[in-house]
Amino acid sequence: MVNTKVSLCSLELDNPIIPASGTFGFGYEFAEIYDINVLGSFSFKGTTLEPRFGNPTPRIAECTSGMINSVGLQNPGVDKVISEELPKLKKCFNKKVIANVGGFSLEEYTTVCEKLDKEEQVGILEVNISCPNVHNGGMSFGTDPQMAYKVTKAVKDVCKKPVIIKLSPNVTDIVSIAKACEDAGADGISLINTLLGMRINLKTKKPVIANKMGGFSGSAIFPVAVRMVYQVYDAVKIPVVGMGGVTSAKDVIEMMLAGATAVQVGAANLIDPMACKTIIEDLPLEMEKYGIKSLNDIIGGAH
Amino acid sequence: MLQSIFTINENVKIAKDVMKINLSGDTSHITKSGQFVNIKIDGLFLRRPISVCDVEGNILTLIYKIVGEGTEKMANMPEGTKLDILTGLGNGYDLSLSGDKPLLVGGGVGVPPMYYLCRLLVKEGKKPSVILGFNSKDDVFYEEEFKKLSGDVRVATADGSYGIKGFVTDALEAIDYTHFYSCGPEPMLKALSDKTITSGQLSFEERMGCGFGACMGCSCKTKYGNKRICKDGPVLIKEEIIW
Chain A
32 MVNTKVSLCS LELDNPIIPA SGTFGFGYEF AEIYDINVLG SFSFKGTTLE PRFGNPTPRI
92 AECTSGMINS VGLQNPGVDK VISEELPKLK KCFNKKVIAN VGGFSLEEYT TVCEKLDKEE
152 QVGILEVNIS CPNVHNGGMS FGTDPQMAYK VTKAVKDVCK KPVIIKLSPN VTDIVSIAKA
212 CEDAGADGIS LINTLLGMRI NLKTKKPVIA NKMGGFSGSA IFPVAVRMVY QVYDAVKIPV
272 VGMGGVTSAK DVIEMMLAGA TAVQVGAANL IDPMACKTII EDLPLEMEKY GIKSLNDIIG
332 GAH
Chain B
14 MLQSIFTINE NVKIAKDVMK INLSGDTSHI TKSGQFVNIK IDGLFLRRPI SVCDVEGNIL
74 TLIYKIVGEG TEKMANMPEG TKLDILTGLG NGYDLSLSGD KPLLVGGGVG VPPMYYLCRL
134 LVKEGKKPSV ILGFNSKDDV FYEEEFKKLS GDVRVATADG SYGIKGFVTD ALEAIDYTHF
194 YSCGPEPMLK ALSDKTITSG QLSFEERMGC GFGACMGCSC KTKYGNKRIC KDGPVLIKEE
254 IIW
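Protein chains in written order, with the numbering used here: chain A, 32 to 334; chain B, 14 to 256.
It is possible that part of the hints are untrue.
Computed footprint of chain B on chain A, listed as stretches where at least three residues anywhere in the stretch have a Cβ under 8 Å from a Cβ of chain B [to be verified]:
| hint | stretch |
| --- | --- |
| 1 | 96-108 |
| 2 | 302-311 |
Chain A stretches covered by chain B per the calculated footprint, using a threshold of three residues with CB under 8 Å from any CB of chain B [stated by the list, open to error]:
| hint | stretch |
| --- | --- |
| 3 | 52-59 |
| 4 | 83-89 |
Restricting the straight-line Cα-Cα distance to at most 27 Å, the calculated cross-link-like pairs of lysine-lysine (DSS-like) are [as the list claims (entries may be wrong)]:
| hint | chain 1 | residue 1 | chain 2 | residue 2 |
| --- | --- | --- | --- | --- |
| 5 | A | K236 | B | K78 |
| 6 | B | K53 | A | K234 |
| 7 | B | K203 | A | K234 |
| 8 | A | K234 | B | K78 |
| 9 | A | K236 | B | K29 |
| 10 | A | K243 | B | K234 |
| 11 | A | K237 | B | K78 |
| 12 | A | K111 | B | K236 |
| 13 | B | K240 | A | K122 |
For the record, the hints were derived by calculation from the structure and aren't laboratory data.
C-beta atoms are modelled at their ideal positions from N, C-alpha and C, and glycine is treated no differently.
Kindly generate the complete structure, drawing on both the sequences and the hints.
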C-alpha cells in the first residue's frame with residue numbers, strides 16, 4: 032500500500048489534491064456527481080468584502096490546451112459566504128476547507144480574513160494577491176515585494192489560522208515576492224495563479240474577452256508552474272502549494288518533485304468535472320509505477 | 014448532471030451550415046426541454062454547449078450550426094464516433110406556466126429547443142402556435158416536423174425568400190396566446206419581449222467555461238440577482254430580464 036497523506040500547515044490531508052479557487056465554486060455542483068470528501072481539501076471561490084458581479088461578459092475564451100477567464104472575482108461577499116454558502120457546503124463536505132480571499136485594500140483583506148478565520152470549517156486561509164482581472168489594487172499587491180510583505184503581515188496579525196499567500200506569475204522575480212511573504216510570517220505559498228493572456232476574434236477583429244485580457248490557465252501553463260514552484264521551493268522554508276495546468280496524477284507527482292507539498296487542480300475541473308476524483312484514484316497506481324511509497328517523501332525530490 | 018459516453022448514429026446536413034446529429038446514450042439526466050448538453054471535442058480545451066432538440070428513450074437529437082472550429086470538427090464526425098457529453102445542464106423551460114395556447118418562437122439555431130418543448134406541450138394537450146425565424150430560404154429547417162405537432166406553424170425569413178417577409182415579430186399577427194417560449198439571438202428576444210403581451214420564457218446564450226455552474230464565466234445580471242446562464246438559466250422569465 033502506498034501512502035498519499037501529506038501535512039499542509041498543520042492540516043493533515045488524505046491526499047494532496049485540492050481543487051483550486053474559482054474552479055470549484057462552493058463545492059455543490061461537484062457534490063452532485065461525486066462524494067467530494069475524497070478530496071484532500073478544497074479552496075473555495077475567492078471571497079471579497081462586498082458582493083461582486085465581476086467583469087462584463089464574454090469573459091471566457093478558448094486557447095490551445097487552455098482557456099482565458101476574466102470572471103473578476105464574482106462572489107456574494109464574505110457575510111453571505113459565511114451565512115449561506117458555508118452551511119450549505121457543510122452538508123456535502125466534512126473536512127476543513129481553504130478560504131480563498133481577494134481584496135482591493137489592506138483593510139479589505141484583513142476584514143475578510145478576520146471573519147473567515149473565525150469559521151470552524153476553515154482550516155487555512157489562502158490570500159489571493161495575484162488576481163490579474165481586477166483593475167485597481169489586486170495586481171499591485173502581488174507584483175511588488177513590499178506590498179506583498181505588507182498584506183501578508185496585516186493578515187497574519189488578525190488571523191489565528193495558517194495563512195497561505197497565493198502568488199501571481201506575472202512578475203519578473205517570483206522568488207523575491209515569495210521571500211517577502213515568508214519574511215512577513217506567511218505559513219505557506221501557493222502558486223501559480225493565471226498568466227495574463229489575450230485572444231482576438233478574427234471575424235470581429237476585436238478581443239474575444241470583453242475586458243480584453245484575462246487569466247490564462249489549463250495544461251498549457253504546466254511547465255511555467257513547475258518552474259516557478261521549483262524556484263520558490265529553493266528559496267523558502269515554508270510549504271509550497273503547486274498549481275497551474277495540473278490534469279493528471281503524473282502532473283501531481285511532477286509538481287511535488289518540483290517542491291509542492293500539496294497540489295491544486297484548476298481549469299481541469301471545468302472541462303472534466305470528475306478530474307480531481309480521477310486523479311485521486313489514479314495516484315496510487317502512478318506512485319507504484321515510479322516506485323514511490325509515500326508522497327511525503329518526494330516533496331522537492333528534484334532538487 | 015451526468016458525464017457519459019454517447020455514440021453517433023447519424024450526423025447529417027439539414028440546411029445551409031446546419032447539421033442534425035443523432036446519438037445513443039444515457040439520457041436519464043435530461044429532464045426538461047430547453048436544457049443543453051456540453052460536448053468534449055478532441056483537440057479542443059473547452060466543451061461545446063448545444064441545446065437539446067429532442068430526446069426519446071436513449072436517443073438524443075441535437076441540431077447545430079457550423080460556426081467555428083468546434084462545430085466544424087463535429088460536422089466531420091462519422092457514425093460510430095464516441096463522444097464524452099455532460100447532460101442535464103441548465104434549468105430548462107417551465108411547462109406549468111404555458112396556459113392552453115402557448116406561443117413558441119425560435120430563431121435560427123434557437124429553433125431546435127422549441128421542438129422538444131412543442132412535443133411535450135402537445136403531449137399535455139396544449140395547442141401551441143409556432144413561429145420559426147431564419148435569415149433566408151436556404152437556412153430553413155424543421156418546418157415539416159413542427160407541422161406534424163401544430164396546426165399553426167409560421168415561418169419568417171428576414172430577406173423574404175420564404176414564408177412571411179421579416180422577423181419573427183412580423184409573424185405575431187392574430188395569434189391568441191397564453192404564454193410565450195423563445196430561443197434565438199438576443200436582438201430577436203428583445204424585440205419579442207417588447208412586442209408580446211403575456212409573460213414568457215426566453216433562452217439566452219453566453220460564452221461558457223464549464224457549463225455546470227462552477228466557473229461563473231457566463232453570469233448575467235437580472236432583476237432577481239446575478240444568474241449563471243448555464244445553471245440558473247439559460248431560460249429566464251421575461252419579467253426578470255434587464256435588457
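Against the structure, the hints come out as follows:
1. 96-108: holds (count 6)
2. 302-311: That given contact holds, which follows from 4 residues of the stretch 302-311 of chain A lying within Cβ reach (below 8 Å) of chain B.
3. 52-59: Contact hint for the stretch 52-59 of chain A vs chain B: holds, 4 residues under 8 Å.
4. 83-89: Holds: 4 residues of the stretch 83-89 of chain A have a Cβ under 8 Å from chain B.
5. A/K236 with B/K78: holds, 21 Å
6. B/K53 with A/K234: holds, 24 Å
7. B/K203 with A/K234: holds, 24 Å
8. A/K234 with B/K78: holds, 16 Å
9. A/K236 with B/K29: Roughly 25 Å between the alpha carbons, so the hint for A/K236 and B/K29 holds.
10. A/K243 with B/K234: holds, 20 Å
11. A/K237 with B/K78: Holds: A/K237 and B/K78 sit about 22 Å apart, inside 27 Å.
12. A/K111 with B/K236: Between A/K111 and B/K236 the Cα gap is close to 19 Å, so the pair holds against 27 Å.
13. B/K240 with A/K122: holds, 23 Å
In summary, the structure agrees with every hint in the numbered list given earlier.
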